[in-house]
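Chemist: Just so you know, the sequences run in chain order A and B.
Each residue of the first sequence is one higher than the last, beginning at 1 in the numbering used here.
Each residue of the second sequence is one higher than the last, beginning at 1 in the numbering used here.
It is worth saying that the hints were derived from the structure and are not from the lab.
Remember, predicted model here, so these are calculated numbers, not experimental data.
Chain B residues, not near chain A, derived (Cβ > 10 Å throughout):
#1 Gly-259
#2 Gln-261
#3 Gly-302
No farther apart than 27 Å at their CA atoms in a straight line, the calculated lysine-lysine pairs in the DSSO-like style are these:
#4 B:Lys-218 x B:Lys-174
#5 B:Lys-7 x A:Lys-191
#6 B:Lys-322 x B:Lys-286
#7 B:Lys-7 x A:Lys-82
#8 A:Lys-133 x B:Lys-119
#9 B:Lys-156 x B:Lys-218
#10 A:Lys-133 x B:Lys-169
#11 B:Lys-286 x B:Lys-151
#12 B:Lys-174 x A:Lys-133
#13 A:Lys-164 x A:Lys-82
#14 A:Lys-92 x A:Lys-201
#15 A:Lys-92 x A:Lys-164
#16 B:Lys-63 x A:Lys-191
#17 A:Lys-133 x B:Lys-63
#18 B:Lys-33 x B:Lys-151
#19 A:Lys-22 x A:Lys-164
#20 A:Lys-179 x B:Lys-63
#21 B:Lys-119 x A:Lys-191
#22 A:Lys-378 x A:Lys-333
#23 A:Lys-378 x B:Lys-7
#24 B:Lys-240 x B:Lys-218
#25 B:Lys-63 x A:Lys-82
#26 B:Lys-169 x B:Lys-63
#27 B:Lys-119 x A:Lys-82
In this text, a Cβ means the ideal position worked out from N, Cα and C, and glycines have one as well.
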Amino acid sequence: VAIKIALPKGRLLRKTASLLQKADWDLDEYHSKINFYHPKSQRFPDLRIRVLHEKDIPIQVAVGNYDLGICCLDWIEELLSKYPSSDLVEVKDLLYGEGTLYMAASVIEPIKSVSVMRIASEYPNLAESFALKNRMSRFSIFPVWGAAEVYPPENADMALLSAKAEAELAGYGMVPVSKVLDFSAFLIANKNSWESRNLGKVVTSICDKLPETEKRTSLKEEASQREKSRQYAVEETMDYMVRLALPDGHQQQPTLNLLNRGGIQIDDYPSETGNRRPRVNIEGVSIKVIRPQDMPLQVANGNFDLAVTGRDWLAEHLYQFPSSPVKELLGLKFGRVRLVAVVSQELPVADANSLRRFIAEREEPFRVASEYVNIADKYARDNHLGHYRVIPTWGSTEAFLPEDADLLIENTETGRTIARHNLKIIDTLFESTACLIGNASSRLSPAKKERMGSIIARLKTAVESA
Amino acid sequence: MRIQRCKGMRDLSPEEMTVFRLVEGMFRDCCFKWGYREVRTPTIEYLHLFTSAGTLTPSMLGKVYSFLDWDGWSGERVVLRPDGTIPVARLYTENLEDKGLARLFYATNIFIFEEAGEKTRERWQCGAELIGAGSPLSDAELISLALEVLKKLGLKGVELRLSHAGLVKALLVKLGLSPEEQNRLFDQILDGDVEALAGVSRESPELESALLPLLSLKGQSPGFLKNLRALLAQKMPEIKPHLDDFLQTVALLEALGCGYQIDIASGAGFEYYTGMIFQLFIAGEKIGGGGRYDALIPAMGGGDVPASGFALYLDRLMNLVKPEVIAGPVPMRILVRVPAGNADAVKEAFQIAGSLREAGYIAELDLDGKEPEGFAWIIDVQEQAPLFTLRDRAGASQVGATTISEVLRLLEGKGGDKDSPA
Numbered sequence: 001v002a003i004k005i006a007l008p009k010g011r012l013l014r015k016t017a018s019l020l021q022k023a024d025w026d027l028d029e030y031h032s033k034i035n036f037y038h039p040k041s042q043r044f045p046d047l048r049i050r051v052l053h054e055k056d057i058p059i060q061v062a063v064g065n066y067d068l069g070i071c072c073l074d075w076i077e078e079l080l081s082k083y084p085s086s087d088l089v090e091v092k093d094l095l096y097g098e099g100t101l102y103m104a105a106s107v108i109e110p111i112k113s114v115s116v117m118r119i120a121s122e123y124p125n126l127a128e129s130f131a132l133k134n135r136m137s138r139f140s141i142f143p144v145w146g147a148a149e150v151y152p153p154e155n156a157d158m159a160l161l162s163a164k165a166e167a168e169l170a171g172y173g174m175v176p177v178s179k180v181l182d183f184s185a186f187l188i189a190n191k192n193s194w195e196s197r198n199l200g201k202v203v204t205s206i207c208d209k210l211p212e213t214e215k216r217t218s219l220k221e222e223a224s225q226r227e228k229s230r231q232y233a234v235e236e237t238m239d240y241m242v243r244l245a246l247p248d249g250h251q252q253q254p255t256l257n258l259l260n261r262g263g264i265q266i267d268d269y270p271s272e273t274g275n276r277r278p279r280v281n282i283e284g285v286s287i288k289v290i291r292p293q294d295m296p297l298q299v300a301n302g303n304f305d306l307a308v309t310g311r312d313w314l315a316e317h318l319y320q321f322p323s324s325p326v327k328e329l330l331g332l333k334f335g336r337v338r339l340v341a342v343v344s345q346e347l348p349v350a351d352a353n354s355l356r357r358f359i360a361e362r363e364e365p366f367r368v369a370s371e372y373v374n375i376a377d378k379y380a381r382d383n384h385l386g387h388y389r390v391i392p393t394w395g396s397t398e399a400f401l402p403e404d405a406d407l408l409i410e411n412t413e414t415g416r417t418i419a420r421h422n423l424k425i426i427d428t429l430f431e432s433t434a435c436l437i438g439n440a441s442s443r444l445s446p447a448k449k450e451r452m453g454s455i456i457a458r459l460k461t462a463v464e465s466a
Numbered sequence: 001m002r003i004q005r006c007k008g009m010r011d012l013s014p015e016e017m018t019v020f021r022l023v024e025g026m027f028r029d030c031c032f033k034w035g036y037r038e039v040r041t042p043t044i045e046y047l048h049l050f051t052s053a054g055t056l057t058p059s060m061l062g063k064v065y066s067f068l069d070w071d072g073w074s075g076e077r078v079v080l081r082p083d084g085t086i087p088v089a090r091l092y093t094e095n096l097e098d099k100g101l102a103r104l105f106y107a108t109n110i111f112i113f114e115e116a117g118e119k120t121r122e123r124w125q126c127g128a129e130l131i132g133a134g135s136p137l138s139d140a141e142l143i144s145l146a147l148e149v150l151k152k153l154g155l156k157g158v159e160l161r162l163s164h165a166g167l168v169k170a171l172l173v174k175l176g177l178s179p180e181e182q183n184r185l186f187d188q189i190l191d192g193d194v195e196a197l198a199g200v201s202r203e204s205p206e207l208e209s210a211l212l213p214l215l216s217l218k219g220q221s222p223g224f225l226k227n228l229r230a231l232l233a234q235k236m237p238e239i240k241p242h243l244d245d246f247l248q249t250v251a252l253l254e255a256l257g258c259g260y261q262i263d264i265a266s267g268a269g270f271e272y273y274t275g276m277i278f279q280l281f282i283a284g285e286k287i288g289g290g291g292r293y294d295a296l297i298p299a300m301g302g303g304d305v306p307a308s309g310f311a312l313y314l315d316r317l318m319n320l321v322k323p324e325v326i327a328g329p330v331p332m333r334i335l336v337r338v339p340a341g342n343a344d345a346v347k348e349a350f351q352i353a354g355s356l357r358e359a360g361y362i363a364e365l366d367l368d369g370k371e372p373e374g375f376a377w378i379i380d381v382q383e384q385a386p387l388f389t390l391r392d393r394a395g396a397s398q399v400g401a402t403t404i405s406e407v408l409r410l411l412e413g414k415g416g417d418k419d420s421p422a
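Just need the whole structure built from these sequences, with the hints factored in.
Modeler: Here it is as structure tokens:
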């Protein structure tokens with residue numbers, strides 16, 4: 001059986017690629033910008049390599065889908081803090097990708113005594129364990145997909161987030177409350193593989209090329225120099241103000257176009273410097289730029305009055321929390337994607353019915369991988385998929401088929417990425433477009449109600465004129 | 001594919017349930033007679049009920065089944081009840097506080113995540129809580145009640161170990177530790193780390209001579225505590241009130257003739273204890289414990305209400321109890337057979353089975369026609385007279401009867417008693 005290794009996308013890609021180049025792996029695809037998740041190594045032609053989102057790697061290695069993986073210690077600890085008995089071995093510190101996890105609060109409003117401590121984080125398990133260890137009597141953890149730094153002080157009391165140095169926090173207008181963890185990239189192994197398989201050649205090739213010196217600190221200093229120039233003013237939010245959340249990522253341009261058509265001008269959005277608090281030409285409106293995935297939960301909790309997200313993420317939220325007060329106010333007609341059920345070309349299945357028959361004949365549980373955990377779960381329930389497991393992923397879901405999952409619930413615009421990975425669509429769950437969401441149960445002052453009404457009206461005109 | 005139960009969960013078979021109900025029944029009987037009334041709290045509670053400072057230790061909180069339920073969009077987590085006492089204290093503050101003194105008991109399951117395969121993650125316990133009374137007398141009542149239940153269950157060799165949370169906490173203050181360190185050390189002691197206190201005391205030599213007797217010696221009489229008081233009161237006046245409180249309880253136990261061992265460094269796993277802590281062991285295995293938790297109800301926003309309580313571990317007692325020793329008489333089992341397809345005979349069969357049950361027997365209808373096992377009597381319902389024939393277990397005697405009352409008379413004459421040993 002081939003040895004399997006999971007390599008990270010994102011922040012570690014460049015340095016991991018250069019390490020493997022030094023180790024003469026001679027990879028064909030790992031440098032490329034296009035989303036291709038199955039690189040091959042000339043030196044180790046039998047090695048099965050997959051490129052995954054870094055956060056998925058410790059989980060995938062622990063469950064035994066991979067013998068080896070490379071990811072940072074923060075994601076390893078995020079797994080182990082909730083599941084300490086995971087089958088994971090930290091083989092070697094790779095001495096790059098250094099950073100620190102901080103629990104941090106806003107400079108403007110450092111921690112005050114509150115009845116419920118709200119913590120925003122991409123690391124909900126570590127945040128919960130921090131809250132328990134520090135005997136917080138009552139707390140709410142808001143798991144976010146990203147941009148945790150923009151939540152305090154208005155939308156969270158603290159954020160648990162990674163940074164290169166404290167200066168980076170200062171750049172976000174934050175101060176550290178506590179240093180939670182220093183991390184760097186690690187080579188990890190599945191415990192059973194480590195105990196029973198010979199992974200020696202692959203491990204040696206990586207470890208031989210590591211610098212012998214201790215971790216360099218110059219990087220951190222560099223970062224701190226750079227970060228100092230990135231200070232943004234945090235405006236005070238008054239009760240009458242309308243708080244609007246706009247998406248980061250590739251929906252920024254169409255969102256901006258729509259706002260402009262409605263006569264709403266926004267300064268520094270999309271921002272080249274990563275400004276998440278752009279200014280707007282309407283008085284009494286404050287804007288934050290966050291992940292569209294995180295918006296329904298934030299609107300439900302009254303942290304924002306209006307948000308531009310996708311119907312897919314709204315559905316995901318409402319399937320998990322049917323009693324949530326979030327509702328769609330306006331369809332925005334851009335960002336059109338289909339949510340589809342996807343299997344490997346080789347699977348003898350053409351639609352949901354034949355899928356059900358196929359699963360009924362299998363012994364082992366059927367694995368559904370998706371970024372949309374609750375939509376995937378509902379799809380499996382509604383289609384009577386029997387004994388199934390939902391594998392949450394953080395992206396690059398196509399890399400999971402066919403070995404690490406049997407079915408994907410994915411969004412697609414054109415279907416081209418799916419076809420390129422030798423996969424096929426067997427069902428369409430629904431079509432999603434961008435939408436404006438709000439909170440059905442929030443009580444608004446007349447002044448605020450009027451201001452919100454005017455924003456919604458402007459957007460409506462903009463949608464109709466498109 | 002055969003579907004199996006969830007990892008770490010346990011089924012209780014009919015035989016196990018018999019023992020379960022015996023133990024639970026004995027506990028209920030005793031509690032009723034001491035004036036305790038039964039309560040039941042929900043399986044799901046808010047996590048913050050248990051995270052509020054001074055309720056569960058962080059290490060226990062790390063093992064609770066907590067999750068976001070359908071209402072979880074606010075980030076408010078809920079848990080499967082990890083402890084019996086805290087929900088009862090919550091129930092008291094929510095519903096009973098105006099009633100003053102409350103004697104409450106419960107039999108419930110609690111959920112704690114255990115990594116080790118052999119331990120179950122769902123455990124059963126019987127507990128009693130005495131809320132609204134703060135005297136050593138009430139501590140003595142609870143200990144006596146717990147010991148009475150164990151005695152009536154026929155259990156021998158019960159060891160009672162005593163400690164005092166107030167005393168331990170006062171010692172930690174004395175060690176000059178920061179509040180965080182005190183908390184951490186107290187947690188370690190409560191989580192059963194016996195070495196924790198000893199380790200710290202070695203680090204500060206001037207305290208060692210004072211603390212060593214407390215930690216290493218084990219006493220078996222009020223004299224022990226009086227000696228300690230004589231030794232330490234001068235150096236540490238702060239601990240005197242706790243020693244006095246402890247001493248009063250111990251003196252009462254002494255007067256009641258309870259055997260006990262004082263072991264200050266022994267823990268009990270729960271942070272909410274403020275005063276006397278007691279633990280019960282049989283052959284080295286802990287089967288229950290309890291103590292005083294005067295700060296719990298105030299911390300929940302209730303009034304300044306003192307309280308104490310204990311729990312017995314049902315799963316462990318089930319393994320120790322010998323049912324044949326304590327089980328009361330079990331009703332005789334009688335099998336009623338009837339020719340299938342004859343509606344009149346079936347009606348007769350249902351009637352006689354009903355009358356037998358009324359009279360206190362267990363009556364079962366024959367469904368599979370197999371050679372019956374474990375029945376004291378077999379009654380065949382026939383299509384013509386005599387309507388009933390009775391045959392005993394051995395098949396030695398066979399009698400006919402024409403009416404139901406004749407059957408009942410015959411059974412009473414033959415069996416003498418409708419109850420037979422289990």
